[in-house]
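2 protein chains.
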Amino acid sequence: MLRPSGALLRRARQRWELQPPALRRRARIDQLGGLRGAVWGRALRCASTEAAAARPPTAIMMLNLGGPGSQEEVEPFLRRLFSDKEIIELPSPEWFQRDYFGPLLAKRRTPSIQAQYSELPFGGGSPIKYYTEEQGKAMCRHLDRMSPESAPHKFYVSFRYASPLTSDALEAMARDGVERAVVFTQYMQFSCATTGSSLNEVWRQLRELDMLDRFEWSVIDRWPTHPGLVESFAASIQQGLEMFEEAERDDVVLLFSAHSLPMAVVDRGDPYPQEVGATVGRVMEELGLCNSYRLVWQSKVGPAKWLGMQTDEALEVRRLLPCPAP
Amino acid sequence: MLRPSGALLRRARQRWELQPPALRRRARIDQLGGLRGAVWGRALRCASTEAAAARPPTAIMMLNLGGPGSQEEVEPFLRRLFSDKEIIELPSPEWFQRDYFGPLLAKRRTPSIQAQYSELPFGGGSPIKYYTEEQGKAMCRHLDRMSPESAPHKFYVSFRYASPLTSDALEAMARDGVERAVVFTQYMQFSCATTGSSLNEVWRQLRELDMLDRFEWSVIDRWPTHPGLVESFAASIQQGLEMFEEAERDDVVLLFSAHSLPMAVVDRGDPYPQEVGATVGRVMEELGLCNSYRLVWQSKVGPAKWLGMQTDEALEVRRLLPCPAP
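Chains as they are written, first to last, in numbering that gives the first Met the number 0: chain F, 0 to 325; chain Y, 0 to 325.
Derived by calculation from the structure, the hints in this document are not laboratory data.
A quick note: this is a predicted structure, and the numbers were derived from the prediction, not measured.
Take these hints with a grain of salt, some might be off.
One copy or two, either will do: identical chains are not told apart, so a pair holds if it fits within one copy or between any two.
[Said to hold, decoys possible] Once the Cα atoms are required to be at most 20 Å apart in a straight line, the calculated SDA-like pairs of lysine to any residue come out as: (1) Lys304 x Arg267; (2) Lys136 x Glu244; (3) Lys299 x Met262; (4) Lys153 x Lys299; (5) Lys299 x Ala263; (6) Lys153 x Glu247; (7) Lys153 x Ala246; (8) Lys106 x Tyr130; (9) Lys304 x Asp266; (10) Lys153 x Glu88.
Build out the structure end to end from the sequences listed, making use of the hints.
See below:
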């Protein structure tokens, strides 16, 4: 994530907060009850498997930033990223960033990013699509068992800057005759620059594709302290701790490293730092506060001020166990 | 809190982390089990009330910043505050801050602070001592019932910058023949500038009073998600919400306003922002995520950069319910 824009991010946040209260309230309920609550709702009632076969699927839109699938897709990916007013702060008008700044910066950065992806074992691109699809398949199998009333369930990957884009997902949903859809952000914590940008893109594309009344929506806009998330982090940290000699295990400091945000975004009241703090707190409770720990912030870019302590500075301390980014 | 010092705060933190692991571990257990675990420990075993009457009390040291008790105490209070290297960042040597900067700044600020306190209905001073003593009395009554094995319990108020000071508390404990003591910070979340400074003062005074081996210690160094704390915040927010008309209650945005920290302290890895985030997360869960909410930060002073969003900026939004500072 680069420097998100001032006035525009504020507008993005306001736009999201101006969603109908009913929608926001349902999102909150979903956050508590998990996917199940979302899929139930006041939706499909009949329960037989035959009926399910004849029914259109309940759609789960999996929102994420995405990544280029191949070397060729690197440049369009960067172009979309650098053109997003909700991610990069430019005082210039929208057309300038979309038609000049974004494409130019993307062209300049493409070779170095291509080189980095070509070092990974994923065909010159990012593995994010592969893993999202694997997760989507497992999720739908689980939902079909858990909630036959709303089966069949079908996932639609919806990336913000890579294929399949939001518009691809919405068009596929329309082709499948979807009536009931769940927006399910893959970002655990809400930031205007990530979930906010993705949700705004959903509303924008619905308008552009003339689908505003096409689907009945639920929204899962964050899940920072979902028990499944907390347990999974705790289990993986436990595994990491077991790699240390028993004698020194108690002295290991756990280092939770989350993606940082520019201070301009933090100072605007972005909820992300608080929600990351809540995730870390719950994971440490799940672990019985077994070790000392710190929450630090990674991936600062550019000259602007970002939220610290920076991970690389924290790594100067010895005997640390870097934890999965919460 | 003013601008805490760079190298010195780092040293304070390191000093704290260099406490013997057994002590740190016990502090962690205490945080989970609350006071009860701390008071039990491997301490006093006999359970009869007669025995309790003959025993020295189990001491609970209640650490806090403190406040002047009267108009006369304002200047000494400010002098101690401005002389604390762990609170105010000065590149100068310690003697300069203690003997010149602290006293001079205190003298200059005393009239305006005196005027502010004289507007309050507490005899020209701060009510913090009165309320801490009331809480101490209730706590000890509760502990005597809860844990007769370690009764009688006696609290010792231990303020960092006002009377009774840490040394007053330690001397009173020695006079009472205390053998077993619990350090119980009244700061819910740990910051190097608050709890850290107070704990360092305890170790410093123990050394100066030649009492390093005098007491057996437990430490409660933070309690950001203690169920009692979470329930009490939630109940008071619920009361606040009921002051709104039912029709508009759902649209109220809850504003959690916590004391801010200079970014220099945040960037050094102070655990306070994460722990405040955890408190807010748990309170909102306790409330069933009933309303939108934001965590914002108050009481910035001086020209340096502090953690935002600042509370006064957030207050521009309408229909907010300011919540007790977590």
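Here is how each hint holds up against the structure:
1. In the homo-oligomer, the alpha carbons of Lys304 and Arg267 lie at most 20 Å apart both inside one protomer (14 Å) and across protomers (14 Å), since each shortest distance falls under that limit.
2. Proximity of Lys136 to Glu244 under the C-alpha cut-off of 20 Å is found in neither arrangement, the shortest distances being 38 Å within a copy and 46 Å between copies.
3. In this assembly of identical chains, Lys299 and Met262 lie within 20 Å of each other by CA distance both inside one copy and across copies; the values are 11 Å within and 16 Å between.
4. Taking the shortest alpha-carbon separations for Lys153 and Lys299, neither the intra-copy value of 36 Å nor the inter-copy value of 50 Å comes in at or below 20 Å.
5. In this homomeric assembly, Lys299 and Ala263 come within 20 Å of each other (Cα to Cα) both inside a single copy, at 13 Å, and across copies, at 17 Å.
6. In this homomeric assembly, Lys153 and Glu247 never come within 20 Å of each other (Cα to Cα): the closest approach is 47 Å inside a single copy and 37 Å across copies.
7. Proximity of Lys153 and Ala246 under a CA criterion of 20 Å is satisfied in neither setting, with 49 Å inside one chain copy and 38 Å between copies.
8. Within a single copy, Lys106 and Tyr130 get their C-alpha atoms no closer than 27 Å, and across copies no closer than 64 Å, so neither meets the 20 Å cut-off.
9. Taking CA atoms no more than 20 Å apart as the test, Lys304 paired with Asp266 passes in both settings, with 11 Å inside one copy and 11 Å between copies.
10. Within a single copy, Lys153 and Glu88 get their C-alpha atoms no closer than 36 Å, and across copies no closer than 57 Å, so neither meets the 20 Å cut-off.
When each numbered hint is compared with the structure, violations occur for hints 2, 4, 6, 7, 8 and 10.
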